[in-house]
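2 protein chains.
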Amino acid sequence: MEMETFKFICTPEIVLGNGSLSSLGEKIKKFHGTRVFVVMDKTLSDVKNEVKKTLDKEKISYFIYDEIVSEPTTDSGNHAGRLAKEEKCDIVCGIGGGSSMDTAKAVSILITNDGKVEDYQGMEKVPKPGVPKIMVPTTAGTGSEVTFTAVFIREKEKTKGGINSKYLYPECAILDPGLTVSLPQGPTAFTGIDAFCHAIESYISKKSNFFTEAISEKAMELIWENLPIVYNKPGDIKARSNMLYGSFLAGIGLVNAGVTAVHSLSYPLGGLFGIAHGTGNALLLPYVLKAEISEIKNKLSKTGTKITGRKCGAESFIHELKKFEKGLKIPEKLSELSIPQNTIEQIAEGAMKIAVPLENNPRTFTKQDIIKIYQKAY
Amino acid sequence: MEMETFKFICTPEIVLGNGSLSSLGEKIKKFHGTRVFVVMDKTLSDVKNEVKKTLDKEKISYFIYDEIVSEPTTDSGNHAGRLAKEEKCDIVCGIGGGSSMDTAKAVSILITNDGKVEDYQGMEKVPKPGVPKIMVPTTAGTGSEVTFTAVFIREKEKTKGGINSKYLYPECAILDPGLTVSLPQGPTAFTGIDAFCHAIESYISKKSNFFTEAISEKAMELIWENLPIVYNKPGDIKARSNMLYGSFLAGIGLVNAGVTAVHSLSYPLGGLFGIAHGTGNALLLPYVLKAEISEIKNKLSKTGTKITGRKCGAESFIHELKKFEKGLKIPEKLSELSIPQNTIEQIAEGAMKIAVPLENNPRTFTKQDIIKIYQKAY
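Each protein sequence line maps, in turn, to chains U and A.
The first sequence begins at 0 in numbering that gives the first Met the number 0 and counts up by one.
The second sequence begins at 0 in numbering that gives the first Met the number 0 and counts up by one.
Any given hint could be a false lead.
One copy or any two copies: either way a pair holds, since identical chains are not told apart in the list.
As the list claims (entries may be wrong) - For lysine to aspartate or glutamate, the following DMTMM-like pairs were computed, each having C-alpha atoms within a straight-line distance of at most 20 Å:
| hint | residue 1 | residue 2 |
| --- | --- | --- |
| 1 | K41 | D65 |
| 2 | K237 | E3 |
| 3 | K298 | E358 |
| 4 | K298 | E224 |
| 5 | K6 | E170 |
| 6 | K321 | E291 |
| 7 | K237 | E1 |
| 8 | K165 | E12 |
| 9 | K29 | E3 |
| 10 | K51 | D65 |
| 11 | K305 | E224 |
| 12 | K115 | E156 |
| 13 | K301 | E224 |
Keep in mind the hints are simulated off the structure, nothing from the lab.
Values in this document were obtained by computation on a predicted structure and should not be read as measured data.
Please take these sequences and the hints and turn them into a complete structure.
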């Protein structure tokens, strides 16, 4: 047992409960915001009215930016940042899935720094803190309401890159399950499994410890129990709540213990072929776990037993996981995503460049190992 | 589901690992300490040498105060505080069980404030922040390395009272399992069950939520699995480690969700009859759970199933808990502790005054309810 110093990081303020979006105005006031730049999905028109109501009530002026598309590009991030600067906003709010929240986080630091998104992609490249950021996830989810990352596609190079900076940690997360009930089945499934990936990857990460494991285990349990419920009964508020909690905890696991190889392998699918982050992760998860099963046997069997409620070896847990994903209509093969088979080597090269998750991985994967995983998943 | 705002509190820096006491000097330097007031148990003479070594290495001057007795009084707290002031210490370190750590926490604020322990007993009565505090538990434990409480007996009034202040939160905890291997069987058992009480009480507390539940559940699991091991094999470093982790997490549960009626009922046993805090909690736990079983049925059955590894109703979990405590030779009846039966009403009056834990309790207990619990436990 080595000596290790550990600092636990967590979004400092969390608001829970159905209808809690109504506290947004108050929270903005608490953070001394006077004009808020709200980034949200175009589709959320009911939510927009709710937002206006809570802001008007507290007499906070606003600029609502609802041009968010899935998997945002550096150009779209820069555009939002320029607007927020022109509009002299002193606080930002991201309402939506990862795309809206990531954009809001980037806007926060683009307001106070002079560069562009591209200048800050990488690790700790942001010189100055941004304005405060309040996150309201409407999917459960990407965990962006707790993480220090904002991901943007560089269109020219067809790669995805994250701004990773301590200045991106949100100050406040509002977890309102009512905002997630209208999420269609597809995104409910793949964002839910994305959160499950954060939970299980942080759980098996080399950087995990007793504290992060407590969080990751609870996240897995909540998601495993509630994702099938919300998939089949979208209006179940209690299950939607539990999914937001699970996704939030999975994000805390991710922040404190990191993610692992699944994320490295999934990243280039987004950059090269526009595959949604959650779909890529979900599809690859069982194949990656299988490829490192000897390193994670005990952990998988322990968690499998806990979340399935019956004695479960590592192999049979992966089997259960495949069944679980099938029930959510997650694609099982890369070939279903119209990815040409002859690009696998190129994809693997992209994956090798996503180095940090590979370093956290319980098993060291070579490029050959990664190619094999893609081939099995094809 | 009500709306609720929640701030998660956690000791910001945690050092883990066998031998990690050797990092004490470095940590003190990090907190800009130049002269440290070390509070420790007299019995820890080997540890004292280790402490001197790490402080000498970093050229930090020190005053070692090792006059700590179990269940410290306000007089002893004031004595230590005066000494630390005279010795011009600018940082404190508590090494030991709850008594040493609580004293160190009190000394921290007595250095910077003018009053005495008695002036600050109660809620948030401390005017100014203290000097930094580093905690090194040698029992697993009281959770004092994470909590904002320092408990002292007022000898005249024969009552126990806590200083509860945001200024008592420790800045750093060093969790070194090697320091706990020499703890005798008795204290290993009752401090371990004390930690279990923190875990289960915070779990069933009205103030619990998805986040604190994750922490409390893991704490219960770690303690349930490892306490019998360390009781029977005191030198098992891995199990001792897990006990420190369990106790730490239980403390985090306590800080964020509070404790409940068990603590209210146990407090006066300490004040009136000098019963060790852990023993009182341990003895009363199953009786209190039984008295509120209808309110906590689901939670007990869920956690019972998880930690015993087999389907377990609430009743049968309490039964398992009694067996578990019996295996640790925890006294089963108040009559074994030479408490006169005719003092029960007086004890119950004392318990009613420990109001906050009673407010957190899932069931509202009247004085009559509490008398009944003591009688069943007699």
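Comparing the hints with the structure gives:
no., hint, in the structure
1, K41 with D65, "within (5 Å within a copy, 66 Å between copies)"
2, K237 with E3, "between (38 Å within a copy, 15 Å between copies)"
3, K298 with E358, "within (19 Å within a copy, 38 Å between copies)"
4, K298 with E224, "both (19 Å within a copy, 16 Å between copies)"
5, K6 with E170, "both (17 Å within a copy, 11 Å between copies)"
6, K321 with E291, "within (16 Å within a copy, 41 Å between copies)"
7, K237 with E1, "between (41 Å within a copy, 12 Å between copies)"
8, K165 with E12, "both (16 Å within a copy, 17 Å between copies)"
9, K29 with E3, "between (36 Å within a copy, 16 Å between copies)"
10, K51 with D65, "within (13 Å within a copy, 61 Å between copies)"
11, K305 with E224, "both (11 Å within a copy, 15 Å between copies)"
12, K115 with E156, "within (16 Å within a copy, 67 Å between copies)"
13, K301 with E224, "both (16 Å within a copy, 13 Å between copies)"
When held up to the earlier numbered hints, the structure conflicts with none and fits them all.
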